[in-house]
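Which chain is which? The protein sequence lines are A and B, in order. Numbering of the first sequence is given in this note's numbering, commencing with residue 1 and proceeding in unit increments. Numbering of the second sequence is given in this note's numbering, commencing with residue 1001 and proceeding in unit increments.
You may find that some hints are simply not true.
What the hints assert, rightly or not - Listing some non-contacts, in silico: residues in chain B with all C-beta distances to chain A over 12 Å:
id, residue
1, M1001
2, E1005
3, T1042
4, V1059
5, I1072
6, Q1121
7, T1144
8, S1145
9, A1148
10, K1158
11, N1167
Stated by the list, open to error - Below, computed lysine-lysine pairings styled on BS3-like, alpha-carbon distance capped at 30 Å:
id, chain 1, residue 1, chain 2, residue 2
12, B, K1048, A, K13
13, B, K1120, A, K9
14, A, K28, B, K1158
15, A, K7, B, K1077
16, B, K1065, B, K1109
17, A, K9, B, K1133
18, B, K1150, A, K7
19, B, K1158, A, K32
20, B, K1133, A, K7
21, A, K32, B, K1048
22, A, K28, B, K1065
23, A, K9, B, K1048
24, A, K28, B, K1133
25, A, K12, B, K1109
26, B, K1158, A, K12
Derived by calculation from the structure, the hints in this document are not laboratory data. Ideal Cβ placement from N, Cα and C applies to all residues, glycine included.
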Amino acid sequence: MMNFEDKYKDFKKPVEVPANYAEQLQAKLDQKLKPKISIWKVSIASMSMAASLLIAVLLWNNNKQNNLVALNSQQDTVVTTTETPIDSLFIEDLWFASLETTTLPDAKALPLDQELFEEEFTEEFVYEYLAEEDFLDL
Amino acid sequence: MTDKEKRALFNSWVQEYANMIYSVAFRLTNNHTDADDIAQNTFLKAWKYFDSFNNQSSVSTWLYKIAMNEAIDWKKKNTEKWEQGLDPQEVLVNVSSSSYVDFENGKQKFNDAINSLPPKQKAVFIMKFFDDKTYEEIEAITGTSIGALKASYFNAKKKIEEFFESN
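Please model the complete structure; the sequences and the hints are all you need to start from.
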């Protein structure tokens, strides 16, 4: 008597994988794995160093993992990979006139400067600075 | 390993195993859209848990395991689709030959029989019959003992035979 595997071997046809499927899948994965980037633009007359630092701390605390933060040279823009909104109450405390956020479609175009943040804006440095300036009740 | 190196390795996995994952997902779901979704979710999960991959199993076994779990989860949400037969796109248009029609009817019935199996048994059957996995490999993927897998495969074959006889 013919065994099962031999009896139904004709139905054992390989799946027809779409042409160039790996490339198609790679493109979809690249899109989904691209960092979500937001620019937070703070519209105030002059943004002090302390205010910049406070935002940096806030962003840091909101998302300690995989969070890139950079301040641009004018220090009126904060760039972050987090999608977590900056706390509005916190913003009010800082007397910010308005806050806008823009999600950019292409992360590569952004002037991310993780190194600057890691080297100069360390958590310890920020907290010490804020405590000295009476911004934070530690 | 730097993030860049991780990503390069991950991308090489996509290139190497995309077809394998798609094939197993297609056999379990019977349609392209869902198979593609499962393949995407499999690799997204692999990326998420990249650091937890400890080389105790091969990459293909690890990915296969994730794909199986994704497919089982998908089944829970799509019971109706799971029980459907072949994707209409799978049925070829050339029906002029009677032997071809017989073959297609048989293949359809064979797929219906497979689709009537409980999810885990269906997964075991597909791994064993279509993908020629050894019981040791299936054990690594499912965590089920070899004895139980043999019983599951045996029962699956029996059910399929019975399905043919009763239909």
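Problem set entry | Verdict on B:M1001 as a residue remote from chain A, using beta-carbon distances over 12 Å | Nearest chain A Cβ is 16 Å from B:M1001, so the label holds.
Exercise. Between A:K7 and B:K1077, is the straight-line Cα distance small enough, at 30 Å or below?
Worked result: violated, 33 Å
For this session: Taking the shortest Cβ-to-Cβ distance between B:V1059 and chain A, state whether it exceeds 12 Å.
Result: B:V1059 is indeed farther than 12 Å from all Cβ atoms of chain A, at 15 Å.
Exercise. Can we confirm that no CB of chain A comes within 12 Å of the CB of B:E1005?
Worked result: holds, 15 Å
Exercise. Do the alpha carbons of A:K12 and B:K1109 lie within 30 Å of each other, as the hint requires?
Worked result: holds, 13 Å
Exercise. Keeping to a limit of 30 Å between CA atoms, is the pair of B:K1048 and A:K13 held or broken?
Worked result: violated, 33 Å
Problem set entry | B:S1145 and chain A, when compared Cβ to Cβ, separated by more than 12 Å | At about 22 Å from chain A, B:S1145 clears the 12 Å cut-off, so the statement holds.
Problem set entry | Proposed proximity, A:K12 with B:K1158 (alpha carbon, max 30 Å) | Holds - the C-alpha atoms of A:K12 and B:K1158 are around 17 Å apart, at most 30 Å.
Exercise. Given the proposed pairing of B:K1120 with A:K9, does the C-alpha separation stay at or below 30 Å?
Worked result: Given that 30 Å is the threshold and the Cα spacing comes to 22 Å, the pair holds.
Exercise. B:A1148 clear of chain A by more than 12 Å, beta carbon to beta carbon?
Worked result: holds, 19 Å
Exercise. Does the structure keep B:K1065 and B:K1109 at a Cα separation of 30 Å or less?
Worked result: OK: B:K1065 and B:K1109 at ~28 Å, within 30 Å.
Exercise. Is it the case that B:I1072 keeps its Cβ farther than 12 Å from each residue Cβ in chain A?
Worked result: The claim stands: B:I1072 keeps its Cβ more than 12 Å from every Cβ of chain A (closest is about 18 Å).
Comparing the model with each numbered hint stated earlier shows that hints 3, 10, 12, 14, 15, 19, 23 do not hold.
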